[in-house]
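Chains W and A, in that order, are what the protein sequence lines are. In case it helps, our numbering puts the first sequence at residues 1 to 339. In case it helps, our numbering puts the second sequence at residues 1 to 268.
Honestly, I wouldn't trust all of these hints.
So, partial list: chain W residues that the calculated Cβ filter (under 8 Å) puts toward chain A [said to hold, decoys possible]:
1) VAL12
2) LEU22
3) GLY24
4) VAL26
5) PHE30
6) PRO32
7) THR71
8) HIS75
9) THR77
10) LYS93
11) TYR97
12) LYS106
13) TRP110
14) LEU113
15) LEU121
16) TYR126
Which chain W residues face chain A? A few, computed with CB under 10 Å, are given here [unchecked claim]:
17) THR65
18) LEU74
19) LEU89
20) GLN94
21) SER101
22) GLY124
23) TYR246
24) LEU249
25) ILE253
Since the hints were derived computationally from the structure, they do not count as laboratory data. Positions of the beta carbon are idealized from the N, C-alpha and C atoms, including for glycine.
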Amino acid sequence: MLAIKTNALTKVFRTKVKESGLRGSVSALFRPHHRDVYAVRGIDLTVEKGEVLAFIGPNGAGKSTTIKMLTGILHPTSGSATVLGLDPLRKRKQLAYRIGSVFGQKSQLWFHLPPQDSFRLLAGIYELDERQYRERFGALVELFELEDLLKVPVRKLSLGQRVRCEIAASLLHRPEVIFLDEPTIGLDVVAKQRIRDLIARLNREEGTTIFLTSHDAGDIERVCKRVIIINHGEVVLDESVKTLRYSYLQKKIISVKYAEKTKVDIPGVDKTRESEYAARIEVSTARRPLREVVAELMGLGEVVDITISDQPLEEIIAGIYMDRGRGGEADEPDTGTGR
Amino acid sequence: MSTAVDAIRKHARLFAAYFRFNLAAVMEYRASFLMQVFGMAINNASFIFFWKIVYLRVPAVAGYEFRDVMFLWALSAAAFGVAHVCFGNCGSLGRVIIQGELDPYLLQPKDVYFNVICSKTIVSAWGDTAYGIILYLLVYGFAPGRFALFLGFVALGGLLIASARFAAETLTFFLGNASAISRLLTEFMISFSLYPEKIFGNSVRWMMYSLAPAGFVVFVPHRIYRSLTLASLPLLLVADVVYLFLGYMLFRAGLKRYESGNLVVTRV
Numbered sequence: 001m002l003a004i005k006t007n008a009l010t011k012v013f014r015t016k017v018k019e020s021g022l023r024g025s026v027s028a029l030f031r032p033h034h035r036d037v038y039a040v041r042g043i044d045l046t047v048e049k050g051e052v053l054a055f056i057g058p059n060g061a062g063k064s065t066t067i068k069m070l071t072g073i074l075h076p077t078s079g080s081a082t083v084l085g086l087d088p089l090r091k092r093k094q095l096a097y098r099i100g101s102v103f104g105q106k107s108q109l110w111f112h113l114p115p116q117d118s119f120r121l122l123a124g125i126y127e128l129d130e131r132q133y134r135e136r137f138g139a140l141v142e143l144f145e146l147e148d149l150l151k152v153p154v155r156k157l158s159l160g161q162r163v164r165c166e167i168a169a170s171l172l173h174r175p176e177v178i179f180l181d182e183p184t185i186g187l188d189v190v191a192k193q194r195i196r197d198l199i200a201r202l203n204r205e206e207g208t209t210i211f212l213t214s215h216d217a218g219d220i221e222r223v224c225k226r227v228i229i230i231n232h233g234e235v236v237l238d239e240s241v242k243t244l245r246y247s248y249l250q251k252k253i254i255s256v257k258y259a260e261k262t263k264v265d266i267p268g269v270d271k272t273r274e275s276e277y278a279a280r281i282e283v284s285t286a287r288r289p290l291r292e293v294v295a296e297l298m299g300l301g302e303v304v305d306i307t308i309s310d311q312p313l314e315e316i317i318a319g320i321y322m323d324r325g326r327g328g329e330a331d332e333p334d335t336g337t338g339r
Numbered sequence: 001m002s003t004a005v006d007a008i009r010k011h012a013r014l015f016a017a018y019f020r021f022n023l024a025a026v027m028e029y030r031a032s033f034l035m036q037v038f039g040m041a042i043n044n045a046s047f048i049f050f051w052k053i054v055y056l057r058v059p060a061v062a063g064y065e066f067r068d069v070m071f072l073w074a075l076s077a078a079a080f081g082v083a084h085v086c087f088g089n090c091g092s093l094g095r096v097i098i099q100g101e102l103d104p105y106l107l108q109p110k111d112v113y114f115n116v117i118c119s120k121t122i123v124s125a126w127g128d129t130a131y132g133i134i135l136y137l138l139v140y141g142f143a144p145g146r147f148a149l150f151l152g153f154v155a156l157g158g159l160l161i162a163s164a165r166f167a168a169e170t171l172t173f174f175l176g177n178a179s180a181i182s183r184l185l186t187e188f189m190i191s192f193s194l195y196p197e198k199i200f201g202n203s204v205r206w207m208m209y210s211l212a213p214a215g216f217v218v219f220v221p222h223r224i225y226r227s228l229t230l231a232s233l234p235l236l237l238v239a240d241v242v243y244l245f246l247g248y249m250l251f252r253a254g255l256k257r258y259e260s261g262n263l264v265v266t267r268v
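With the rest of the complex left out, here is chain A (with noise of 0.2 Å):
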């Protein structure tokens, strides 16, 4: 019990090294690092308009009233937006694959798994996350526990979607390149996350609660925050562990096939 309590400790410190580092390396380009968050904040917000207008016209869409799309709408970028800041290479992976740059993280006394997913970070996730929040502080106001929910939610939703895309890209060892499967997977939950959960057909939503997990990121969420019951949160963690587990097995198995490569590799 106290080797893995050890071993957590030991990656938790390891994840928040790497944290502060990639901040440090983003701000050496501050102004590229302004723009790329302002810039993808603006971007997100420009939906918001086109949300409003649908609005004056229906009091609801689905059973969604105005503010349930927002949160869908600030879940999903706050969710995305973590899974990118904090886990970075979850959606290059299969890069990093093809290009033999595996061979530093082989080399370090770490699991490769976690080593390699968050030792990165993508710059403009950072504008999701903030545009995310922001947006749910403006349309639900600062309450500390139903916040504390929120960010919750963010963080787990986070994880699935760092855990989804990694185990999409892991199939580039079996496949050869398996980044169009993990840009359709992507696009899948993201598409689905941002609008209400009953416009789609039954098969769009067997999906949604499998092979691209998007029910777990977004309208399960919904549901307890909505409802203030918390008997569905299990779920969410289950769902989380579930894919965590997928990909982290999917990767142990693929490495046996890593072929290295011979490609001039910085570390950025």
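So here's chain W without its partners, still in its complex pose (with noise of 0.2 Å):
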């Protein structure tokens, strides 16, 4: 059973372009120019109901764009999208009683308000009767862990914390569909794990689909089982998480520093930085275990710091655009709107 199809979903959006300066401002007056970004590109994806999808590509990829066409927020420009068989636009009102959001930058929960004051205006706006509410906000108390939380204005929340509040938000009416727009963006590494764990959990126990944009490669890896990489607002890849991890996502950036003057040279890595305390390494979990080779920096001398990243988002595009041939379009000028 299909959650959400389109077919060519495109979206361009026609901004003003101007000379800087005094001049320009005058000459736009008198003979605006104007030039059509797209922001997405004719895009075809299908998602099956109860599957957790990561949707993921670099700032201005187009991520947001089509979540918010998805959602009904935004007209597109060209192309057909339907969620739970409901066309975003015409039906919207009807959808949006079936489909969970949570925007990253954006909240729904009053900054000056506790977090449950905002659940009980929610409850209302998605008509939930009192023992509907009060049995799903227990629910989503317990397994958010917000028992302490809920008196707390908004504003004195971590942002750790305050995403978890948003995510139960938008749990309160039970919906099929949740999207996700950079839940993580920000947080700190605990913070992105406990996230993870619950978007993960939430599918497991309730059934929900899960719609995950991010432009961190490590929430693909630890929550969802399929991926589909955007970039410039075209797919550049649909793949399942286990194939992306076997062909791109082998590569680990290894950050360390020394106490002391340390000459880092361990074979079967390569070397993007050095300095005389410090240095950077790129290892290959193919051709060496991560665990040896973080042994062998310990080895070499007082480490004071030591940091293990996976491997930029936009340097896996770029190696997905030189597998196909096509070496080089991944580090063409933005053409995104970052909407």
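Please dock the two separately framed chains into a single complex, following the hints provided.
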């Protein structure tokens, strides 16, 4: 059963182009120039009910624009979309009862009031009766461990706590599909992991279809089963996470700092930067296991700081283009809108 | 029919929920709330002295006595206050559109127009409302029938002011930024509604009954109140419905042009 289907979904924004400075402003006043910016170019995708899909790409790739067309916020320029069999524009209100959404940059909680007040208002908006509300509210408070946060004004919550409340708020009406747009943006490692665990649990226990956008490769590896990579408004890759991990996510980046001058010379790794006290190396886990490399680095001297991170998404996309003989396209100037 | 009644009931419930919610939100900062309310009331009251001085020299201005001018002040302040207490977003829709803040409303299963307009309250407008009602009671005293009529005018006037401002702000969808037009409309409406009708020329009076409908906010109610004949009352209802409909249709057409945005937004 399909949860989402799009057919050549396209969004073009018409933006004003103006030379810099006063002369440019005056000239634009009399002879305005416009440019069409393709935020999304003919995307075809299908998502099954209960699926956990990562929809990822660099900034300005068209992720948020796609989500906004799927939820009825934006009108597509051409093409069509259905979510749970409904047209998001024509049946916006009907669809709103069945979907939930969290936009990392836009809060649906009132800044000056405690989350429980916003939950109560949202219950009214989604027309939950008292019994339904109490039952659902209790379950979400337990699942998201919100007990201590409920009476604290939102402005006093940490970002991670606020995101937990945001996700819980978007689940009050038991949506069948939830759109999560950059839910882990700005979070520290621990908070990110907690949010990822909650999303996975939500899918497992309630069968909710998850449509997750992110520019963090870690989000996909730990939560999703399928990944669609989008760049410049086009689908670059549509694969299982297993395949992606095998083909493109084998590279880890280790940054290490020593207390004393240390020469980092380890076989089977690529050094991308080195100074007297620090080094940044790239490890292909297919060539050398990560724990071996870390152990060797620790053995070279007294380590004061070490971080292990995924390869940036831009590099993964560049790798995909290279494999397909379209090297360099990932480095094109950003035509996205960041909307 | 039952579907329409059901829809009206649901939206009335939403309106009541927002009203309670917004009141709770402004009460979070009690000192600021009280200062803004009393500050606005005192600011408005200062103009009474100006008019008192004028009427010490002349018995009437363009057929209006002191009590008549006070009626205009009381009604326009209370109506302006109610418009912004109940429909706080009527004057900020342009900013909401430009900054992409319509997204949360579009994601909720409610009429977007209604949802946006009543989801906010303006704190100082409580002061305008209180001032208008107190001024009326001080000048005219408490006669239940007349007071109810006055409150009816306040409600209709508030709805008209909110609808007119909202319609002007909606032009942002088409012009890119309509805040200057909206500001101009508001200033016209306030200026027109605070002085005796006949001091204005014909062209201005034409505007008062069309583009900047101050005539329907204060002058028609004033005539009804003075003569106590309700024949013109339907005119007020028609004016409200016309502006409400105009704003609604403009908004619906404009939504197709909405471009959202990526600004970090919190709801306050």
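Cross-check of the supplied hints:
{"no.": "1", "hint": "VAL12", "result": "violated, 11 Å"}
{"no.": "2", "hint": "LEU22", "result": "violated, 19 Å"}
{"no.": "3", "hint": "GLY24", "result": "violated, 17 Å"}
{"no.": "4", "hint": "VAL26", "result": "violated, 17 Å"}
{"no.": "5", "hint": "PHE30", "result": "violated, 16 Å"}
{"no.": "6", "hint": "PRO32", "result": "violated, 11 Å"}
{"no.": "7", "hint": "THR71", "result": "holds, 6 Å"}
{"no.": "8", "hint": "HIS75", "result": "holds, 5 Å"}
{"no.": "9", "hint": "THR77", "result": "violated, 11 Å"}
{"no.": "10", "hint": "LYS93", "result": "holds, 5 Å"}
{"no.": "11", "hint": "TYR97", "result": "holds, 5 Å"}
{"no.": "12", "hint": "LYS106", "result": "holds, 5 Å"}
{"no.": "13", "hint": "TRP110", "result": "holds, 5 Å"}
{"no.": "14", "hint": "LEU113", "result": "holds, 6 Å"}
{"no.": "15", "hint": "LEU121", "result": "holds, 5 Å"}
{"no.": "16", "hint": "TYR126", "result": "holds, 7 Å"}
{"no.": "17", "hint": "THR65", "result": "holds, 8 Å"}
{"no.": "18", "hint": "LEU74", "result": "holds, 6 Å"}
{"no.": "19", "hint": "LEU89", "result": "holds, 9 Å"}
{"no.": "20", "hint": "GLN94", "result": "holds, 7 Å"}
{"no.": "21", "hint": "SER101", "result": "holds, 5 Å"}
{"no.": "22", "hint": "GLY124", "result": "holds, 4 Å"}
{"no.": "23", "hint": "TYR246", "result": "violated, 34 Å"}
{"no.": "24", "hint": "LEU249", "result": "violated, 27 Å"}
{"no.": "25", "hint": "ILE253", "result": "violated, 28 Å"}
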